[in-house]
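J.: For reference, the chains in residue letters:
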Amino acid sequence: MPRLSADRRTEVRFTLNGRPVAGLAEPRLLLSDFLRHVVGATGTHVGCEHGVCGACTVRIDGGLARSCLTLAVQVEGCTVETVEGLAPGPARLSVLQEAFRRHHALQCGFCTAGILMSLDTLLRDEPAADKARIEEVLGGHLCRCTGYGPIVSAALDAAERLSEDPGAGDAPEERDGDV
Amino acid sequence: MSAAEPAPSQTSAKPGHLGRSLPRFEDAALLTGRGRFLDDLPVGPATLQAAILRSPHAHARIVKLDVSAARALPGVAAVLTSAEVQALSAPLVVGVKAPMTCWPIATDRVRYVGEPVAVVVAADRYLAEDALEAIAIDYAPLPAVVDPERALAAEAPVLHEGLGGNLASDRSFRYGDPEAAFETAAHRIGITVRYPRNAVTPIETYGMVCEWDPGEDGYEVTANFQGPFSIHAVIARSLKVPGNRLRLKTPRDSGGSFGVKQGMFPVIVLMALAARLAGRPVKWIEDRLEHLTASVSATNRVVTLAAAVEADGKITALDWDQLEDVGAHLRAPEPATLYRMHGNLTGAYDIRNLAVRNRVVVTNKTPTGLNRGFGGPQVYFALERLVQKIAVTLGLDPVAVIRRNLIPAGAFPYRTASGGLYDSGDYQKALETALRDGGHAALVEKRDRVRAAGGLYGIGFATVVEPSVSNMGYVSTVMTAAERAKAGPKNGAQATATVALDPVGGVSVHVASVPQGQGHRTVLAQTVADSLGLEPAQIRVVAELDTARDAWSIASGNYASRFAAAVAGTAHLAAEQLKAKLARLAAAQLNVPAEALVFEGGRVCAADTPDNAIPFARLAATAHWAPGTIPEAAGQALRETVYWTPPQLTAPTPDDQVNSSLCHGFILDICGVAVERASGRVVIDRYVTMHDCGRVLHPGMVEGQIVGGFANAVGAALYEEYAYGPDGAFLAGSFADYLVPTVAEVPRPEILHVETPSPFTPLGAKGVGEGNCMSTPVAIANAVADALGVEDVILPLTPARVRALLDEPEPPAPAGTAPAAPPKRAGGRALAGTGSAGFAAPPQRIWDTLLDPATLEAIVPGCHKVEKLSETRFLAEVTLGVGPVKGRYSVEVALSDLVEPASVTLTASASGALGTGAGQGHVRLAATPEGGTRLDYDYEADVGGKVAAVGGRLLDGAARLVIGQFFAALGRQAGGGTKGGGATDGGATDGAGAAGPWTGLLGRLLRLLGIGS
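Which chain is which? The protein sequence lines are G and W, in order. Yeah, the first sequence ends on 179 if you go by full-length UniProt numbering, and it's all consecutive. Yeah, the second sequence ends on 1013 if you go by full-length UniProt numbering, and it's all consecutive.
The set of hints was computed from the structure by calculation and includes no laboratory data. Model, not experiment: these values are computed from the prediction. Be a bit skeptical, because a hint or two may be false.
The following label-pair restraints were derived from C-beta to C-beta distances [what the hints assert, rightly or not]:
no., chain 1, residue 1, chain 2, residue 2, range
1, G, Glu-136, W, Ala-90, 22 to 28 Å
2, G, Glu-76, W, Asp-437, 56 to 62 Å
3, G, Pro-27, W, Pro-853, 29 to 35 Å
4, W, Thr-879, G, Gly-139, 41 to 47 Å
5, W, Asp-502, G, Arg-92, 25 to 31 Å
6, W, Ala-926, G, Asp-61, 52 to 58 Å
7, W, Arg-748, G, Ser-163, 20 to 26 Å
8, G, Gly-62, W, Glu-930, 43 to 49 Å
9, W, Asp-502, G, Ala-91, 20 to 26 Å
10, W, Gly-279, G, Gly-62, 46 to 52 Å
11, W, Leu-869, G, Asp-61, 50 to 56 Å
Don't be surprised by glycine CBs; every beta carbon is placed ideally from N, CA and C.
Modelling step: build the complete structure from the supplied sequences, incorporating the hints.
T.: Structure (structure tokens):
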């Protein structure tokens, strides 16, 4: 890690969703702002900037983190994964994403990015996660639209499909008329 | 959980896409990070970022405002203050003719915590926020008033001198003969309720990009505004431009609104002016603290409601006295919260006599505006609490009282006493179905069982008429008939929709509905596909709005649950209009009468000879490629725009009758709660919600609206409150203070439906988005009241509040638990503590060190400089951090009661961009046998502003930490250091603070986290 100076920008290099990226960041720049406004990955959303709402949740080196409580310079050399990296292809959704769609587990979709990151990580680590585990993990997120029930249903549905066929990984995308 | 079965189409015998739960077309983008929310949109390289300096005081005069240092900072392009705002714009129009001026920024004084005082525009947000700290501002605090009843008192501080007091409006209404009804009734039963402040705060905050074009003297604004677009007129008037020089655009996606994003319009004015001042586009994204503190709130209201009741529970009259608290300014469209329910003040009940007094009061709190349920939670909390009280008072079953008073099924359309026209309903069927399918009998058995075992269990009901599609004229009911006559009539609710054909026969739909997650694009695709015989995926829908290009009107936007009833219906009409033209074209080509044609499967064919057909795309392209072939009488089938307003939405009558809404859904909720005796926690055991929202267009989305509104309402009932201290300090500035429910707090309600289609809307649908925000808070409150056998329940029903309602001593704490802290004295965020420290140096040495500015500068944590104003007065500049809030303060300290070298009293006041504080401390020095010093101290302080709003829970710990650092440094400075274990002792909260470690490892750790300097 290079020596940082408060008034100088530092180049931060890391891997984002499998591709190498780099950008300049002041030491105080939040990772959420860095991802969105420097790197241009706007799928990660900012809802509170104090770590409670969970909308900005990303994966850093495989573990979950609030990008609003992480400084950009902290991800130097790390592997960062965001919602943009969850789908297996441009016209395909992951099993979890597809389940969200089927169960109407999103309305405005603003908190969804963080929730997908948390539940995707849970199902990666515990493909047979039960309702209690799903609710425990989902408890770290605020959603104002759905009342949470449909999100739990979607996650349970995805868990069932993944534990039946762990190799599935993704589901075919239906045509959505919104290209 | 059940959702409605698809309803048969009113307009077509064959089953269509409408009524089915199609996957949403919105979802693929939102699930993959390809949303287009405001802050995701590209902006030009010239775009600057803004930050707002906000008042830490609830009420104060601005004595000095000097922005020169901020303007001079690198990266700062402009600083907007009230001087520029007043020079470049006009005050915001106030809905009530009242002698008060409402600017979007504080002028000579601030009237609520969070009120904008200055706007800094800089190269980025970080620099803009840096510059806020360089603004020099002095306030002279004034007494504040936060309680609406106190605001009416003669001695209350006055917010707007022009009003002469704090009462902004006072109107009385009388329908039928309420006096006679009360005179002859067997009982008069009344209740007083206080509905608290809250808001369904969306997860995406306000955001906007504003630009000024000097060549055209026009403004262009892109904002996640939600409507109503009557506000467009308010913004344009304030910016002093005609409506066609304010281009207002919305992004495709908006991260929830629930009414709240109506409230951003004063900031739109500010940022438009900031862009003008800077000569460049300005972007502003609100942060969460700003949003919770000062965006907008629902109104809090004090309601005294009395009913004239016969012995059998029949209500013959209601007498409403509503005191509405709109905060510091009466902002458009207020006092709409108070009048939206005017036509349905008698709820679901057949009550012909009605007296109403509506008063609007201003207080030192955030101005109010739209919020999910808008006016319903306040009205139904009073009405349904009263219905329960009638049952309790008369010894009747609450269900019997409801049943006795429901409007008869055959009475629709039903005109209420105050002029509402209920479109359709069968309340008896809904009630009986809910009782039967919702398992009411089993619930009663369970309650008896739990109670027999000594538990606390209650059942609550709420019966609600859910209005939707607002009459744009209802707010004018606040004016007298004479004032209305002078102002001209206001009424209706124009909805717009455009259906267009492109040169290859593609169909696109445009509406001015500005969705925030309600799936409008999917439902409109279903609607139009059904009309034209296409697949929904073939229809492209645009639901964002551009006022420079699109068909819109003042009622445009997404509020008052108007989408399904008004907007989808209007799209249906536009599609049918286009279809009629296409049919005439096809008739000529297929040589059959237009009436004999059917549109299905992407073709248009004769009904009896399906082979005689033409592909839809080819027919649809005709007007583009061969307009000359179309007979003039048939008309060009290219693009149909329909404006639709329901004739039932008439202006208020001279005798103040008003049909405030077009549609009236029905809700009957049954709630079973268990209350934990030891903790006071309310557990929702069972929740049944019966809805009649007319024809269901998309069962999945209707269910989504119901469970979403229910979750919001659980928050309002049990957790959420925009809390204020008596001094007006705002106390809920973070999601750790304003408790939005998580999955753990929200049970799944059981949803039931009956359908009575609305005869007033094109598709038979009614609104459904807001009902549970009206019904659920009071259903839960009624259940808790039933469980505890109490009358006066106040939301939110937090464990502490519920525990206080239990008329029994708290059980002792479990063994090994520390005793509870004594309650702090009343006030905003109070801070108090005592402690001691030991030093190797003698008292005189410590005394001299303490009183020397040069040494103080070196040892006060975060101190930049100390200036000695006199022998006993010091001025210090310090940077302190509490939790997430770190900022620079000016601290003035006065010394008194000096007894050298034994004791001194310090009186201090601090102010900074992040907040204020004032307090007093006592320090006593005593020589120890070893020649050192023992120092004892105590202190008491109040803090306000940002620190109070978000750092409240951390204050005591932070104070102990800073004091510990101070004494450690004092010991070093005086020589010999602190004596082991002698740093600081506990504050008032835990009474047992750690000693030495504060200055050691833990101290360093906390410093790293920004607590302390």
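J.: Now, for every hint given, state plainly whether the structure supports it.
T.: Status of each hint after checking the structure:
no., hint, result
1, Glu-136(G) x Ala-90(W): 22 to 28 Å, "violated, 54 Å"
2, Glu-76(G) x Asp-437(W): 56 to 62 Å, "holds, 59 Å"
3, Pro-27(G) x Pro-853(W): 29 to 35 Å, "holds, 33 Å"
4, Thr-879(W) x Gly-139(G): 41 to 47 Å, "violated, 36 Å"
5, Asp-502(W) x Arg-92(G): 25 to 31 Å, "holds, 28 Å"
6, Ala-926(W) x Asp-61(G): 52 to 58 Å, "holds, 55 Å"
7, Arg-748(W) x Ser-163(G): 20 to 26 Å, "holds, 23 Å"
8, Gly-62(G) x Glu-930(W): 43 to 49 Å, "violated, 57 Å"
9, Asp-502(W) x Ala-91(G): 20 to 26 Å, "holds, 23 Å"
10, Gly-279(W) x Gly-62(G): 46 to 52 Å, "holds, 48 Å"
11, Leu-869(W) x Asp-61(G): 50 to 56 Å, "holds, 54 Å"
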